[in-house]
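Q: Given chain P, put chain S in place with the hints provided.
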Amino acid sequence: QQQVKQSPQSLIVQKGGISIINCAYENTAFDYFPWYQQFPGKGPALLIAIRPDVSEKKEGRFTISFNKSAKQFSLHIMDSQPGDSATYFCAASIGSGYSTLTFGKGTMLLVSP
Amino acid sequence: EAGVTQFPSHSVIEKGQTVTLRCDPISGHDNLYWYRRVMGKEIKFLLHFVKESKQDESGMPNNRFLAERTGGTYSTLKVQPAELEDSGVYFCASSQDQWGETQYFGPGTRLLVL
Numbered sequence: 001q002q003q004v005k006q007s008p009q010s011l012i013v014q015k016g017g018i019s020i021i022n023c024a025y026e027n028t029a030f031d032y033f034p035w036y037q038q039f040p041g042k043g044p045a046l047l048i049a050i051r052p053d054v055s056e057k058k059e060g061r062f063t064i065s066f067n068k069s070a071k072q073f074s075l076h077i078m079d080s081q082p083g084d085s086a087t088y089f090c091a092a093s094i095g096s097g098y099s100t101l102t103f104g105k106g107t108m109l110l111v112s113p
Numbered sequence: 114e115a116g117v118t119q120f121p122s123h124s125v126i127e128k129g130q131t132v133t134l135r136c137d138p139i140s141g142h143d144n145l146y147w148y149r150r151v152m153g154k155e156i157k158f159l160l161h162f163v164k165e166s167k168q169d170e171s172g173m174p175n176n177r178f179l180a181e182r183t184g185g186t187y188s189t190l191k192v193q194p195a196e197l198e199d200s201g202v203y204f205c206a207s208s209q210d211q212w213g214e215t216q217y218f219g220p221g222t223r224l225l226v227l
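Chains as they are written, first to last, in the numbering used here: chain P, 1 to 113; chain S, 114 to 227.
Incorrect hints may have been included.
Said to hold, decoys possible - Beta-carbon label-pair distances, calculated as ranges: (1) S:T215 with P:S10: 22 to 32 Å; (2) P:S69 with S:S122: 37 to 47 Å; (3) S:E214 with P:A70: 17 to 27 Å; (4) S:T183 with P:F39: 24 to 34 Å.
Hints are computed from structural coordinates only; laboratory data are not their basis. The model shown is predicted, which means the values in this text are computed figures rather than measured ones. Beta carbons are placed, not taken as given, at the ideal position from N, Cα and C, and that holds for glycine.
Just chain S, with the same shape it has in the complex:
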């Protein structure tokens, strides 16, 4: 069974540009989460989808971040315009359903904003 996949693995952009990160969860998983780790800090929650609906987006830093989950399958996280403090590793995780405790993480997208 394929795990959670994320694309791209790395992205280097200049301040003010736009970047879109993609996450493909494990097939059949209803829950999809986005997290971010800024260097040296903890992994922080950004938002949570249940199927195509946003269950919780309390961790989104500001309105420069836009997440979507088309048809309850893959998800995208767009940052527009990117700022220096957006640099970090963005992780996507998925879990099966409301009884699925285990969150399975993707390898992350390393974003560097110059």
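Isolated chain P (complex conformation):
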């Protein structure tokens, strides 16, 4: 049973457009929701994270929207750029520090020039 479901599997967006990636989770004990960005040949790198006490978090062009009642969260990339082309993973964990991450399957984003 997959605890974090991510969609879409792949996404093509024109430069300047908005990229939206969605995730849904099952375990209501999850309380930390990071997004990781991975470029080819590199490891995943933390992009932005949110806790369920807020409904939205914005860092530059990246925004996480969180809906606790629906058990869903999404990543919005505003003004998408070719340099944003990468694989994006949503994840969830219970607590922080010692907690292991449960990942979605990933979304391959291609931003066309």
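A: Then chain S, alone, in the frame of chain P:
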């Protein structure tokens, strides 16, 4: 500051052989995690060290996998004997301490078992 490093970057072995993967975490990080991504699937947790102790090894697939963390520094993950389904990318990550939320990932080791 150096990031998490992993060696080798790629490994191609035949079924039945043994492979040992190494991870060097960020200096001073107590937590070390191993994850694996099989092609097309999610990144899955394998195990977690706190310093030299195994905190959680619930994700280890079977007893063909053996992880160690010598002196709380680098870690090795040995697969013996390797099977076809062990192919994938093995990631190591580290975080500072029990308050360190961010896990810093290495570039991964791409393992192909033929």
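Q: Please go over all the hints and tell whether each is borne out by the structure.
A: Tested hints:
1. S:T215 with P:S10: 22 to 32 Å: 27 Å, holds
2. P:S69 with S:S122: 37 to 47 Å: Distance hint for S69 of chain P, S122 of chain S holds at roughly 44 Å.
3. S:E214 with P:A70: 17 to 27 Å: Given range 17 to 27 Å: holds, Cβ gap about 24 Å.
4. S:T183 with P:F39: 24 to 34 Å: Hint holds: Cβ distance 31 Å, inside 24 to 34 Å.
The structure meets every hint from the earlier list without exception.
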